[in-house]
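> When you get a sec, could you build the whole thing from the sequences and use the hints?
Number of protein chains: 4
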Amino acid sequence: MADELSINSKDTLEQLKIAMRQFAEERDWDQFHSPKNLTMALAGETAELLDCFRWVTEEASYQLDDKSAQAAKEELADVLLFTVRLADKLNIDLFAAAQEKMLKNADNYPVEQVKGKAKKYTEY
Amino acid sequence: MADELSINSKDTLEQLKIAMRQFAEERDWDQFHSPKNLTMALAGETAELLDCFRWVTEEASYQLDDKSAQAAKEELADVLLFTVRLADKLNIDLFAAAQEKMLKNADNYPVEQVKGKAKKYTEY
Amino acid sequence: MADELSINSKDTLEQLKIAMRQFAEERDWDQFHSPKNLTMALAGETAELLDCFRWVTEEASYQLDDKSAQAAKEELADVLLFTVRLADKLNIDLFAAAQEKMLKNADNYPVEQVKGKAKKYTEY
Amino acid sequence: MADELSINSKDTLEQLKIAMRQFAEERDWDQFHSPKNLTMALAGETAELLDCFRWVTEEASYQLDDKSAQAAKEELADVLLFTVRLADKLNIDLFAAAQEKMLKNADNYPVEQVKGKAKKYTEY
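Residue numbers (our numbering), protein chains in the order written: chain A, 108 to 231; chain B, 108 to 231; chain C, 108 to 231; chain D, 108 to 231.
Since the hints were made in silico from the structure, they are not lab data.
Heads up, some of the hints might be wrong.
Since copy identity is lost for identical chains, a pair holds within one copy or between any two.
[To be verified] Taking lysine-lysine and the DSS-like style, the derived pairs with C-alpha atoms no more than 27 angstroms apart in a straight line are:
| id | residue 1 | residue 2 |
| --- | --- | --- |
| 1 | K226 | K208 |
| 2 | K174 | K222 |
| 3 | K226 | K211 |
| 4 | K174 | K224 |
| 5 | K208 | K227 |
| 6 | K174 | K208 |
| 7 | K211 | K174 |
| 8 | K117 | K208 |
| 9 | K211 | K227 |
| 10 | K211 | K222 |
| 11 | K227 | K174 |
| 12 | K226 | K174 |
| 13 | K117 | K174 |
| 14 | K224 | K211 |
| 15 | K227 | K117 |
| 16 | K117 | K224 |
| 17 | K224 | K208 |
| 18 | K226 | K117 |
| 19 | K208 | K222 |
Structure below.
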């Protein structure tokens, strides 16, 4: 059933969720995937992304060399996969949560007030 | 056009990508969204997730109190949104990248070898 | 005794270690300070530093406004305090470890080879 | 002069500051060491620490195997070195900042109120 869904659905986040479940089940890794541990894993992968960018300028960060670009792509993929997995373990509907958060962000950062400025909303 | 796509598509990652583009454009924030800066933002949001879990046990991390659960949901949403935005800025097809990475992970962690064990693949 | 040492010693890392021990003992917080948890706390504090710098340019990062400068100072202090505390819990002599690591770094990055270049040593 | 100081002083943080300055100067790395970049490097190193602990239990985190213990020691050393370097670049007296922060923490977490409890001070 999971496989049928993963084949038929166009919901990309849902597909990844199901694939990650299966991956963990096959390896008997559910025991390690507590939300606490997954959060650490997510933060670890995110930081590996930082390593791709720490010494490059902002300008250069748009045009990584091939090796760094490939590394960034893989790290970003890991970040997404752990995000999806953590949401699943916390029973969070990730897409709905992202949509809600965008509405909240739109409230916190009204266009007329923040246009062209980058501050935290508490500072406006 | 973007709006039509965002309404019609069931591709959740694609929808978020388009919504984030529009959000940044309306606020003239593209200038701040260099990959370098977005990576820092992503890592910052991820770490806020750590704060929800740092003093709880693994067991308790499955059952956060309401306030922490809401905080975790919002932080996780931010992580996803910045992941999507960064991928867009790096011209990475995020879903394809995640699928590729899962295949690579399956190679690195063959079921028969890693079942029930949690080590980095370089240690097997 | 701890207090005498903290007053007499000029070893600043040692002083902080003792002060942090006392702080935790008085609050009965040793039970929360497992190395695993402290690592999460350390990473959380470090990421708050990222928030001070995420949207500023490299040039501007040398001259933060007063509010950001104060925030950065406090976050950096927390990073140091958790680093000291974690080393204590892991029975690591932090100063000795830092000196050893500098020697290793000097080996990995010989002056004549890396002068003016920023790459990871594995790439030279 | 720097060397004399580093030999005579017992101030361990001061010694590391001077050693890091010299290390960067010899390699002409000051150009890369903007506060923004150093913050990314610091966060990157911190996250490598997370990798040592992500799948171990709290109990096991007190007794890492030799290989993980050595890795943790080296990562923690890097965290300290980048903390010291970043403070130097921001003209922060790190030891004074840490002492101030401890006083503030003592105010935020009065013994009688927080004893044996782990919450953020805003929640008490």
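> Indicate which option fits the pair K226, K174 if close means a Cα-Cα distance not exceeding 27 angstroms: within, between, both or neither.
The answer is between: 12 angstroms across copies meets 27 angstroms, while 33 angstroms in one copy does not.
> Within a copy, between copies, both or neither: which one fits K117 and K174 at a CA-CA cutoff of 27 angstroms?
Result: close neither inside a copy nor across copies, 31 angstroms intra and 33 angstroms inter.
> At most 27 angstroms between C-alpha atoms: does K208 with K227 qualify within a copy, between copies, both, or neither?
both (15 angstroms within a copy, 23 angstroms between copies)
> Cα distance capped at 27 angstroms. Does K208 pair with K222 within a copy, between copies, both, or neither?
within (19 angstroms within a copy, 36 angstroms between copies)
> Could you place K224 and K211 in one of the four classes (within, between, both, neither) given a Cα distance threshold of 27 angstroms?
Within. Shortest intra-copy distance 18 angstroms satisfies the 27 angstroms Cα cut-off; inter-copy 32 angstroms does not.
> Using 27 angstroms as the alpha-carbon threshold, which applies to K211 and K222: within, between, both, or neither?
within (17 angstroms within a copy, 36 angstroms between copies)
> Tell me, please, which holds for K226 and K211 at an alpha-carbon limit of 27 angstroms: within, between, both or neither?
both (16 angstroms within a copy, 26 angstroms between copies)
> At most 27 angstroms between C-alpha atoms: does K226 with K208 qualify within a copy, between copies, both, or neither?
Classified as both: same-chain Cα gap 18 angstroms, cross-chain 25 angstroms, threshold 27 angstroms.
> Up to 27 angstroms between alpha-carbons, please classify K211 paired with K227: within, between, both or neither.
Both, since 14 angstroms and 24 angstroms are each at most 27 angstroms.
> State whether the alpha carbon distance between K174 and K208 is at most 27 angstroms within one copy, between copies, both, or neither.
between (34 angstroms within a copy, 16 angstroms between copies)
> Within, between, both or neither: how does the pair K174, K224 come out at a Cα-Cα threshold of 27 angstroms?
Between copies only: 17 angstroms across, 33 angstroms inside.
> Measure nothing new, just compare the shortest in-copy and cross-copy C-alpha distances for K174 and K222 to 27 angstroms and report within, between, both or neither.
Classified as between: cross-chain Cα gap 22 angstroms, same-chain 36 angstroms, threshold 27 angstroms.
In this structure, the hints that do not hold are numbers 13, 15, 16, 18, in rising order.
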